[in-house]
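> Chain residues, written in single-letter form:
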Amino acid sequence: MFSNQLCLLCNEEMRQELSWKSVFLKVTEKVCCETCNTKFERITGDRCRTCSRTLADSQDSVCYDCIRWEHDSTWSGCLSSNHSLFIYNDFLKEIIAKYKYRGDYAIAGAFAPYLKQYLAELEFDCLVPIPLSAERLRERGFNQAKGLAQMAGYSCQELLMRTHSEKQSKKSRHERIHAQQVFQLCSEEVQGKQILLLDDIYTTGSTLRQAAKVLKLAGAEEIKSLTLAR
Amino acid sequence: MSSILEISSTEHSPFSFSKDLHDHLSGRSLLALEIPFETALLTEHLQQGFVTAKPGVVHDKSKWLCGRCGSTDQRLFASFPCSLCDSDCTYCRACIMMGRVSECAKLYTWSGPEWVYPIPEKVMAWEGTLSEGQQTASDQVVTSIAANAELLVWAVCGAGKTEVLFRGIESALTMGKRICIATPRTDVVLELAPRLKAAFPHIDVAALYGGSEERHKQSPLVVSTTHQLFRFERAFDVIIIDEVDAFPYSADASLQYAVSKAKKAKSSTIYLTATPSKKMQHDYRSGKLSAVKIPARFHRRPIPVPELKWGGNWQKQLQQGKLHPELKRWTLQRLQQNIPILLFFPSIAVMDSCLPLFQQLHPHLQSVYSADPNRKEKVMALRHGEFPGLLTTTILERGVTIHRLEVAIIGAEHDVFSESGLVQIAGRVGRSKDHYRGNVTFFHYGKSKDMVEAVSHIKRMNEEAHKRGLLDVL
Ligand SMILES: [Zn+2]
Ligand SMILES: [Zn+2]
Ligand SMILES: [Zn+2]
Ligand SMILES: [Zn+2]
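Quick mapping for you: the protein sequence lines, in order, are chains A and B.
Sequential numbering of the first sequence, starting at 1, is according to my numbering.
Sequential numbering of the second sequence, starting at 231, is according to my numbering.
Hints were generated in silico from the structure; no laboratory data involved.
By construction, the Cβ of each residue, glycine as well, lies at the ideal position given by its N, Cα and C atoms.
Worth double-checking, as some hints may not be accurate.
[As the list claims (entries may be wrong)] Using 27 Å as the maximum straight-line C-alpha spacing, the simulated DSSO-like pairs for lysine-lysine come out as follows: (1) B/K249 - B/K336; (2) B/K293 - A/K98; (3) B/K518 - B/K496; (4) B/K608 - A/K39; (5) B/K352 - B/K291; (6) B/K284 - A/K98; (7) B/K539 - B/K427; (8) A/K98 - A/K216; (9) A/K98 - B/K447; (10) A/K39 - B/K606; (11) A/K98 - B/K539; (12) B/K606 - A/K93; (13) A/K30 - B/K293; (14) B/K496 - B/K352.
[Claimed, not checked] Listed next, the stretches of chain A that the computed footprint assigns to chain B, with coverage defined by at least 3 CB atoms under 8 Å from CB atoms of chain B: (15) 99-109; (16) 134-147.
Please take these sequences and the hints and turn them into a complete structure.
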C-alpha cells in the first residue's frame, strides 16, 4: 500500500493532493507540512547591515551591539557581515534543540531548501563550519553546522578546531569576549580567501568573531557568516 | 596442578559486582550516555556476563527495527554521517526524544542477580471500603496477579478503578514482586503517586515521567508514563496499563512492544479502562482475554444516557456566523441555571470560529486546547465556578471531574469522536451522588456508527448493573 510521507518536523502524515498536475509533473518534494512551515519566521524588513538583527528604528543601519564590536580594536574588521535566516522563536528553539541535542540529523533537511537559496547568493571560496570540541562531537556524533551544509548539498572545509571546551553559557559577555583563543587553525590554506562561517544560532556574535579573528590573522581576505537563527 | 587451583579459586571467589551499577541498570535498557559509570566498569561486567549489550537499531529482512521502541515504520529511520562509527549510521526517529538510538549505539541491560527489596511487615495502610462491583473486580485482580495471568478490568467512568488495584498490589508486594502502573498521561502519574504512597507507606514509590527526578531510582512500585516504559527490560512481575484505549491506533503497536519488553517472561498484565478497544472487546467475547466488569458507578446510580439531537449542517452555520437554535437553547438554559458546561468540538479551528458566537451568549465562556499553557488553570476556574463553561477539543474527554457538569458535542458525527471518546465524554456527567442525573447531548449532522455504539454501550452497562443489583432502585 502507498503510505504518505511524514512531515520531517511533526511526524504527521502529509496529504498528497492528487491532481492531474501531480500525476504528470514531478512536484518538488515537500519535506514539512504547511502547519510547520508557517511557524518559521523569516527575518525580513529593516535589519542590521552587519549582523541581521531586526532593527526597531529604521534610522540606523548598524545595531548598537555591532557598533560596540567595531569600536573594540581587538575585533574591529574581523567579521564583515552576518546573515541569519530565521527568528529564533519558540518553535525554532524546539526544532534546533531536537536537531542538536537529541541528535536528529534528518531535521537539517527541513532547512536545506532555505540554506541552498541563501548559499547560492553569497560569494565565498570556503564554507567553514564552527567546530565542536572532541568531547561534544563524541556526545552528539555530528557537527550541527556541518550537517546543515551537507543536507543543503554543500561540502565544508573544516579549517578550524576548538582549543578549549565550550561551556559558553556560564560566562558573562565580558568573559566570553576576553577569553583566551577558542579556535585554532588546522590548515594554512586561507591566504586571500573569502570565507563563509556557518553556525546554527547567532547569539552574541562572539563565537563567530573568535573564529573570524583566527582566520583573519592567518591571512583570509574577508570573513562573513551565515546562521540559521538569531 | 596450578590451573586446577586457579579454577577452584575463581569458583570460591565469584565476581563481586558493583552494587551501584546493579541499582542503576537492573531491569533497564539504557544507552551508554544514560549510564554514568566508568567505561572500564561496564566492560568488566560485560565480560563477566553481568551486563549484556545489544545493538540499538538493527537491519532485519531488509527492514530497520528499533531495539528500544520497537518501531518498524521505515519512514522514521534516517541515517547520518556518524563520527562515532565513522560511517553512515541509521537511527530511529520515532523515539528520538529519549536520545538517539543508532546502529552503533548499544543498549545495555543487567543480566546478573535480580534486584530485590526488603518486604515490610505491614504493606498496606489503606482501609477504605469497596462497592460490590469493585470487590468482585478486586478479587479477580488478586487472582490474576498470583497466576501471572492477563485481565481486563472494564470499569465505567466513576466506578473507582484505582481502589480496585489496592488489594492486588498489596498481594504482589507481599510476594516481593515488582509492579508498574503505566498511563499515557503525566497528570495521572502525578495524581496517582501520592495516593499510592499513602496506601503503601513503607514502600518506595517511584513516579516516572519526562524530566522526573526519580527516573533512575529502583523501586518495587513504579507509576510511569507509557513513554518511560521504553527504558525498561524484563523488570516487572505485574504491569497495570491504565486507559489502554487512550492511544491512537498507530501508537498501539509501540505500546504493546514496550509492555512486552518491560515485563518479565512470567508476569501478569492488567488492563484498566472504561472503554476497551474493538479488538479488546472482541478478544473478551471470544474468550481470548478474561475480563471483569464494573458496570455501575461507586454511587450506585445509572450513567446518564446521551441525547442525540439534530444540529444541522454546523459547518455551514458557522460560515454564516450562526448557532443552531437548539444548541443555542441548550447553552442558554444551562447558563441561566449556573450549570457548568463543557462544549466539545471536532477541531481547534472549528472551536476558534465558534468562540465569539458563544461569547455573545456569555462573555466569560473560554476555550481550551491541548497546547494551551493555561489548560490546568482554566479547568480549575470552571471547577470553582469562575467560568460558566469551556469550549474544548477531545483533550478534555478524560480525567475531568466537575460537580454538576453537563456536556454537549457539536458535530458529534465527526471522525475524531470514536465510540470510546464519546463514552468518555458522556462519562464526565453525573459523577456525584447528589447530582447523578445531568444532561449529555450529541448535536449531529447525521448519526455516526460510533455515536449509536456509544449510546448502546452506556445502556448495556446500565442494564448489566441493574441485573447484577449494583444500582439502588429509587
Ligand atoms: Zn509538520
Ligand atoms: Zn548588528
Ligand atoms: Zn526507536
Ligand atoms: Zn554510528
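> Determine for every hint whether it applies to the structure shown.
These are the hints, each one checked on the structure:
no.	hint	verdict
1	B/K249 - B/K336	22 Å, holds
2	B/K293 - A/K98	25 Å, holds
3	B/K518 - B/K496	18 Å, holds
4	B/K608 - A/K39	26 Å, holds
5	B/K352 - B/K291	52 Å, violated
6	B/K284 - A/K98	25 Å, holds
7	B/K539 - B/K427	45 Å, violated
8	A/K98 - A/K216	33 Å, violated
9	A/K98 - B/K447	26 Å, holds
10	A/K39 - B/K606	25 Å, holds
11	A/K98 - B/K539	46 Å, violated
12	B/K606 - A/K93	24 Å, holds
13	A/K30 - B/K293	24 Å, holds
14	B/K496 - B/K352	26 Å, holds
15	99-109	holds (count 5)
16	134-147	holds (count 7)
Figure legend: structure checked against the earlier numbered hints; hints not met, in rising order: 5, 7, 8, 11.
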